[in-house]
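Number of protein chains: 4
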Amino acid sequence: MELSNKKNVEHQNSQFLEAWVEQFRPYAKEGNCANYIPALELKNPNELAISIIGSDGIEMKAGDTTNTFTLQSVSKVVAFISACMDRGMSYVLERVDVEPTGDTYNSIVRLESHEPGKPFNPMINAGAITVSSMISGNSSQEKLDTIIKLLEKMVGKKLIVNEEVYKSEWETANRNRAIAYFLMDSGYLDCEVEEALEVYLKQCAIEVDVSDLAMIGLVIGNDGYHPILKKQLFSKEVAKLTKALMVTCGMYNFSGKFAAFIGLPAKSGVSGAILAAVPSHASVHSPFPTGCGIGIYGPAIDEIGNSVAGVPLLKHIATEWNMNIF
Amino acid sequence: MELSNKKNVEHQNSQFLEAWVEQFRPYAKEGNCANYIPALELKNPNELAISIIGSDGIEMKAGDTTNTFTLQSVSKVVAFISACMDRGMSYVLERVDVEPTGDTYNSIVRLESHEPGKPFNPMINAGAITVSSMISGNSSQEKLDTIIKLLEKMVGKKLIVNEEVYKSEWETANRNRAIAYFLMDSGYLDCEVEEALEVYLKQCAIEVDVSDLAMIGLVIGNDGYHPILKKQLFSKEVAKLTKALMVTCGMYNFSGKFAAFIGLPAKSGVSGAILAAVPSHASVHSPFPTGCGIGIYGPAIDEIGNSVAGVPLLKHIATEWNMNIF
Amino acid sequence: MELSNKKNVEHQNSQFLEAWVEQFRPYAKEGNCANYIPALELKNPNELAISIIGSDGIEMKAGDTTNTFTLQSVSKVVAFISACMDRGMSYVLERVDVEPTGDTYNSIVRLESHEPGKPFNPMINAGAITVSSMISGNSSQEKLDTIIKLLEKMVGKKLIVNEEVYKSEWETANRNRAIAYFLMDSGYLDCEVEEALEVYLKQCAIEVDVSDLAMIGLVIGNDGYHPILKKQLFSKEVAKLTKALMVTCGMYNFSGKFAAFIGLPAKSGVSGAILAAVPSHASVHSPFPTGCGIGIYGPAIDEIGNSVAGVPLLKHIATEWNMNIF
Amino acid sequence: MELSNKKNVEHQNSQFLEAWVEQFRPYAKEGNCANYIPALELKNPNELAISIIGSDGIEMKAGDTTNTFTLQSVSKVVAFISACMDRGMSYVLERVDVEPTGDTYNSIVRLESHEPGKPFNPMINAGAITVSSMISGNSSQEKLDTIIKLLEKMVGKKLIVNEEVYKSEWETANRNRAIAYFLMDSGYLDCEVEEALEVYLKQCAIEVDVSDLAMIGLVIGNDGYHPILKKQLFSKEVAKLTKALMVTCGMYNFSGKFAAFIGLPAKSGVSGAILAAVPSHASVHSPFPTGCGIGIYGPAIDEIGNSVAGVPLLKHIATEWNMNIF
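Sequence order for the protein chains is R, A, F and W. Yeah, the first sequence ends on 326 if you go by the UniProt record's numbering, and it's all consecutive. Yeah, the second sequence ends on 326 if you go by the UniProt record's numbering, and it's all consecutive. Yeah, the third sequence ends on 326 if you go by the UniProt record's numbering, and it's all consecutive. Yeah, the fourth sequence ends on 326 if you go by the UniProt record's numbering, and it's all consecutive.
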């Protein structure tokens, strides 16, 4: 393809993206901003933004892309990678299983009924709190720094915790505290309850924008290799395990349907964030033939916890641009 | 690559495959033939066989490949495809969900607790019985013929039901009958209980060999396109949905770990059968760069229901030959 | 107390009873006749009747006492006594536990999760079907005859099965069939599924009136001794065990509240029947100082399955007349 | 009965009691002292003691009656009575149900699945923690004092908290803390988590002997009336509700069997304590014809949490001396 032609196509694709954002923005009406965290409830539910960054570093974005928001459950992916890097995969997997459950994200039931206390996977709260307790560091601050350092390498800029959101979550964290004490009782926490919870709730409150999400997705999609830094940040094995977890458990108890109809490794958060990691082989016939990362933000979420405008937008893009791992 | 060189490589790969079968054959000692079906219990637990068929039709096989065995739960994949072809995906998905559960294959618990009676996915018995009830046909025989016809197109030869295995399963089908009556009670059966059960148990008893399995996997891997017949047998959408289901739910409550460590759409049966569908994009750097189907038979199974020699054999091949969808 | 005075008091109490029936009759509006059995749905929801029979054989009754109705779950009590007489208590209790569950009457969940397949108690459907399978007799008819014979001794007249109700239940028995096949699968049925179901559904369809219920309650309350026949029909141990079961499990998942606020051994059925067995020591300060049986009929039931007018009527009587085992 | 004759009978009964204690003492070998609390684990498992106090104040005792021990779950009964006195029965019952569950005492499952967060009954930990949060008082100390004051009125002497046991339980209270935070999350705690837990764990650690237990049982059995003080300590309604709860839920998930085979309102604790409340009408033909309270201590417990020597001793006495509410 000639350069000018390539530019034309890129321009056209950008226009498509803009149009699609406007097409799916009205879907926000079907959902609401997460209301159990005051700082999230105040967001504008009609916002919708997307960024896609290819392995060549070229970014395509559309919508309200200057907005920032907190990672929430998207942070589970990064914390899991961090724990695997720090402790080794086998250590981590002795303490958290990798099976999907079909339960809601804050369910405590299976902790009692199956291999008592062992959390089913790192993408539900129970597993994520166990993961946070395993991160390197002798205090919650050190553990958090470990996660943030990895994140900053991925996104290429400084990141901070949104203290207001963190405080707001800390004050309403009774269910998570119940889960953490249950884990402690069964021996599945590697540090004190309050330390693990502080790490977990602070990682959830890290502030990002859609471009940051797309960068995280890009590195995971690329099997841990950062195509712009030209550096392997974590092993291919950890990356593949992470993508498998995103497919089987990443979208709460919508994961099965997401895999079935969208077919990309993804993780959502109740802030309305969605992260998708697209390996090169899953996007050969797309505008990003060597893989890409996708970041979406649409704060109105459904009862399951996924962005009501973001999911259909991602589905539309994946279908139109032939991105699918299956 | 020159032709003679290609031949050499093929020969070498064949030798690898033979060696790997012998390497993993001893794993059979860790399991047992399914003992709830007398006809299965009499099988030789030490047998192990594999066939891999590429999109060019070239087959590589090793081990006890002349053995035949029954499809058992592998049939759930084909019946699901058949129901989608007959009724349309949306009709099918109104009656069976596509969420993984983490429960055992014959669990009845979720039928009571979540959206009462709707089975969680077509890869567990509850969902599979619902699927069988939806197949085209006015009798169990007609429904079964619909499934067999599709299967015969895939494998290119006549197939029969092993009547001894079928009778043996029919007589011990109390748990499945309990599930079926529960489904009937909640309105999730499209025909009479006994008709649905007869279809389900007969489809489980269809006799195949590893080459047949590989052919089925090849067509699914190729998005429904039969590369030898050069014919689209079912739609790309159905194929992708099926592969997603295989990844999230295909290996019973080992599915999460299978996705994490093997990373291929697969489905197992208690006969010791494993079917894997490898899309071209997941095998670019393998000896089968345009995709392949894999059939494995190792009748000694673990407590979850998967072949104890077959799973590590498949894992070894997938790792050595770079086959992975993630 | 002089005879004439005694007559006066009896007359006064009878008038109270009439007044109370009218007082609680309007409660029927809060419920509905069981709608899953067509023959029950056609009943007049506003009917309410009561009979109380003392150990001296004197009966006090009020309301629509000429109505007949089917025993439904009240039959579980008699079938349990019959099985204990036929097989011995220890044989029966090896096959059915006596723990309350807090689950609904037709729940199947615990069959899977606790000591797989052993029903929790004889007052829920799973336990009752197991009990029916243990009754003496080589056919469903013989087993049923065993139960009816015991019942007829208690009530002193011939009883018949309401064939219309039975047929209606047989046709809609899918959930019970699911339970029965589950029990068969786990080895907790003493005869074939269809035989056990036929016994169970026919015993549920035995036609009685409130005086019959009161007679059954009288004998159970009297520790198995029939005060009019002056004959011990079954052992004191079986009677006490039965009353304990009625208290802990007799009113479905309202049993705890019934024990707490009414405090009498009782069993209800979805036909709107309630049977209460009042031991002499629990009614010393009542108009029936040597014990009594109470039969109530009010076909409008609540979501749990208890008569919405019958329960408060019984509560009122128990409170006013000082009947309480606690 | 002549006085001398009465004395003779009393003497003989005392001798029976001594003999029965020795007869059942060896049963202790089947159990172990609770091992999750170090201070309990150090107890001598072979100890067995009983006290029975009649409404006339006469006590009969046998075995190691000088031993003291902590109330543990027996305190749930007194705390429940105290909450009902302080808040009224209807206030209490809006926050805790009175249904038996069949689950273990520290189960958290039903908090998630049924009317989310509302504990099923006050005799399991979840319900007991809710009850403790409702006791009168503006601090944990004030709430505890309320309970102790009621207890002291019942037993007629000063009582203290065993600080060593309390500390030991506080340090291992993760599972209870998990339950308490879950309750807080669903709005079923009336004070802060740590305050409720402190009350709950301290009430569990109140030190008593078998005579104290018998006195508590006597007052409850007598419908709240203290026959020695000649004073109504709490209402008859609260007493009857409490006895009903003891029968349906008092012996953990052995309650159904205990009601079936022993037939007395009772409550056990993991310290090996058992409290039984015998109403006069349930003991007319016993050596305590106007009712009694029974206290038992046998620290070796079974897997469910009940004293392995104490339960059969109580069963033997209840049978031999005709004590039974049914």
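Check before you lean on any hint, since a few could be wrong.
Only pairs whose alpha carbons sit at most 25 Å apart, straight line, appear in this in silico DSS-like list of lysine-lysine [what the hints assert, rightly or not]:
| id | chain 1 | residue 1 | chain 2 | residue 2 |
| --- | --- | --- | --- | --- |
| 1 | R | Lys257 | R | Lys157 |
| 2 | A | Lys257 | R | Lys118 |
| 3 | W | Lys236 | F | Lys315 |
| 4 | W | Lys257 | W | Lys149 |
| 5 | A | Lys157 | A | Lys236 |
| 6 | A | Lys157 | A | Lys6 |
| 7 | R | Lys43 | R | Lys167 |
| 8 | A | Lys315 | R | Lys236 |
| 9 | W | Lys61 | F | Lys257 |
| 10 | F | Lys29 | F | Lys153 |
| 11 | A | Lys236 | R | Lys315 |
| 12 | F | Lys257 | W | Lys149 |
| 13 | A | Lys257 | R | Lys257 |
| 14 | W | Lys167 | W | Lys43 |
| 15 | A | Lys118 | R | Lys257 |
| 16 | F | Lys167 | F | Lys61 |
| 17 | F | Lys29 | F | Lys236 |
| 18 | W | Lys257 | F | Lys236 |
| 19 | A | Lys236 | R | Lys257 |
| 20 | A | Lys61 | A | Lys167 |
| 21 | F | Lys236 | W | Lys315 |
| 22 | F | Lys118 | W | Lys153 |
| 23 | R | Lys230 | R | Lys158 |
| 24 | F | Lys149 | F | Lys29 |
| 25 | R | Lys236 | A | Lys257 |
| 26 | W | Lys6 | W | Lys43 |
| 27 | F | Lys257 | W | Lys231 |
| 28 | A | Lys257 | A | Lys230 |
| 29 | W | Lys6 | W | Lys29 |
| 30 | F | Lys236 | F | Lys6 |
| 31 | W | Lys61 | W | Lys167 |
Among chain F residues calculated to face chain A with C-beta under 8 Å, some are [unchecked claim]:
| id | residue |
| --- | --- |
| 32 | Val109 |
| 33 | His114 |
| 34 | Lys118 |
| 35 | Glu163 |
| 36 | Glu164 |
| 37 | Lys167 |
| 38 | Phe182 |
Derived from the structure by calculation, the hints contain no laboratory data. For clarity, every value in this text was computed on a predicted model and none was experimentally measured. Ideal Cβ positions, reconstructed from N, Cα and C, are used throughout, including at glycine.
Quick one, are Lys118(A) and Lys257(R) close enough, alpha carbons at most 25 Å? It holds: about 15 Å lies between the C-alpha atoms, which stays within 25 Å.
Taking only the CA atoms, is the gap from Lys149(F) to Lys29(F) under or equal to 25 Å? Between Lys149(F) and Lys29(F) the Cα gap is close to 37 Å, so the pair fails against 25 Å, i.e. violated.
Mind checking the alpha carbons of Lys257(W) and Lys149(W) for me, to see if they're no more than 25 Å apart? violated, 33 Å
When you check the alpha-carbon spacing of Lys257(R) and Lys157(R), does it fall within 25 Å? It is violated: about 34 Å lies between the C-alpha atoms, which goes past 25 Å.
With a cut-off of 25 Å on the C-alpha distance, tell me whether Lys118(F) and Lys153(W) pass. Between Lys118(F) and Lys153(W) the Cα gap is close to 45 Å, so the pair fails against 25 Å, i.e. violated.
Does Lys153(F) sit within 25 Å of Lys29(F), going by the straight-line distance between their CA atoms? The hint is violated at about 36 Å.
Next item in the hint list is Phe182(F). Is there a CB on chain A closer than 8 Å to its CB? Holds. Min distance 4 Å.
Holds or violated: Lys61(W) with Lys167(W), Cα cutoff 25 Å? Distance of about 31 Å is beyond 25 Å: violated.
Lys236(W) and Lys315(F): Cα distance at most 25 Å? Cα-Cα ~16 Å, so holds.
Between the alpha carbons of Lys257(F) and Lys149(W), is the straight-line distance 25 Å or under? violated, 29 Å
Check the hint pairing Lys257(A) with Lys230(A) against an upper bound of 25 Å on the C-alpha distance. violated, 35 Å
Does the structure keep Lys167(F) and Lys61(F) at a Cα separation of 25 Å or less? violated, 31 Å
Of the numbered hints stated above, those contradicted by the structure are hints 1, 4, 6, 9, 10, 12, 16, 17, 20, 22, 24, 26, 27, 28, 29, 30, 31, 33, 34, 35, 36, 37, listed in ascending order.
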